[in-house]
Amino acid sequence: MSYSTFNRKHFDSTKEPMFFGENVNVARYDQQKHPIFEKLIEKQLSFFWRPEEVDLSTDRKDFQRLEEHEQHIFLSNLKYQTLLDSVQGRSPNVALLPIVSLPELETWIETWSFSETIHSRSYTHIIRNIVNDPSKIFDDIVTNEEITKRADSVSLYYDRLIEMVNIYNTMGMGTFSIPGKGDIEISMPKLKKALYLTIASVNVLEAIRFYVSFACSFGFAERTLMEGNAKIIKLIARDEALHLTGTQHMLNLMASGKDDPEMAIIAAECQDEMRQIFIEAAEQEKEWATYLFKDGSMIGLNAQILGQYVEYITNVRMQAVGLEAYFETKHNPIPWINAWLVSDNVQVAPQEAEISSYLVGQTDNSLDDSDFDDFDL
Amino acid sequence: MTSTSKPQGDEKTDQVHRVLLGKKQILVTEDEPLLVQLERAGIHVEYQCREGYCSSCSVKLLWGHVIYPFEPLAWVQSGYLLACCAIVKSDIEIAFFD
Ligand code: FES
Ligand SMILES: [Fe+2]
Ligand SMILES: [Fe+2]
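Just so you know, the sequences run in chain order A and B.
Be aware that the first sequence starts at 1, since it is given in UniProt numbering, and climbs by one per residue.
Be aware that the second sequence starts at 1, since it is given in UniProt numbering, and climbs by one per residue.
Hints in this document: simulated from the structure, not taken from any laboratory.
Remember, it's a predicted structure, so these values are computed and weren't measured experimentally.
Beta carbons: idealized from backbone N, C-alpha and C, even for Gly.
Hints are supplied without guarantee of correctness; some may be wrong.
[Stated by the list, open to error] Cβ pair distances, simulated, as ranges:
no., chain 1, residue 1, chain 2, residue 2, range
1, B, K23, A, E185, 52 to 58 Å
2, B, V16, A, R90, 48 to 54 Å
3, A, F114, B, S78, 28 to 34 Å
4, B, V16, A, K294, 36 to 42 Å
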């Protein structure tokens, strides 16, 4: 069952499951099995933004004035986000495109991955602006123990799925002994299980793992520090909210049996493991918060509050994929974060009057009132 | 852009419904989604997008009827509603986490 970039078979793709059916041939959207994925594509395209449109000159000055432990918080989060988006910018493509069977879902995966590359480029934009030697920061991502620990957990399921699909595409079904890995059993149920758990771990990555970092960015911005960065994070958070809906749809469709009856059985068998993925990720994120604040907290945020927030958001995300909320924390300990996370085009509180004018052209953060003196009204 | 704050159609309904939440009772109209009306009543509801695509505002719907003027992009679990875009159409009872 090797992959073909243009499957010659004649078949009705609306009868195929999302994954592990026929390889997609014609990229057509006139008939769709799950129109939701085209709606996600349209929404994602409407979100398009470029990092260079956000002016960061004030952030540079702000950064120099941050205390050392605050710089540690800021840079560590940036490194972690860089890691997450490095993974997300390629892995949905590498892991899912060889096994997807619906044109609308294939295109959603590509659109989704593409938007992650914007996130990655935005980190370079931020880092270039605040430090003279970006290499110091980027190089640390592959050596810093706290970050590499995270890299292991975010890439684990992806890598396993990719490996299994590679074997499946070259050797077919059976048990194969792979040098250094021992025996690997390839069967459709095993492949589907690996896929289901991968989607769960991606949901966790986008719906939980980013949020500690989001909270810190907005925590700085609440003190009117690093506001350019916060604008970028707002745009990233808007994209991520859409991405997590994508994986929630995949998980819920799989579990419902409406897409692939066999997948529903596997999803039911995997409920405990999926639960564990959510809980473990939450624990890792709480540990991360402790690492961030090891030398000192920032106003309004500390490891304990962030830990509670992680628990709270994990409960919200678990419920969204049909799992019971696991943690005791039933209230958001930092409700102010939502006013930062909200899409710009929706007005919430009066203090959130700021709109996406920075998307239209580059705004200059250093403008002050005197710059407008020449304007006669 | 999906505007979730507009009522469907132009005609104003005078319908008022009761929303039960634990021991609290909040009166809401059909003019706006549930979320803004709960907020005005001083109740904190989790949200992010306020446009129906992130599922953060998902709340348990124990009984009663709500509609969506625009089909939300987020998956709506059975027995739940999305507060940011749901219009309440009858008395309802809702719950946050148990
Ligand atoms: S706030 Fe995003 S779906 Fe309601
Ligand atoms: Fe991203
Ligand atoms: Fe993402």
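Taking the beta carbons of K23 of chain B and E185 of chain A, is their distance inside 52 to 58 Å? With a Cβ separation near 55 Å, K23 of chain B and E185 of chain A satisfy 52 to 58 Å, so the hint holds.
Verdict for F114 of chain A, S78 of chain B (Cβ pair) under range 28 to 34 Å: 33 Å, holds
Within 36 to 42 Å: is that where the Cβ-Cβ distance between V16 of chain B and K294 of chain A falls? 53 Å, violated
Would you say the C-beta atoms of V16 of chain B and R90 of chain A sit inside 48 to 54 Å of each other? 53 Å, holds
Against the hints set out earlier in the document, a violation occurs for number 4 only.
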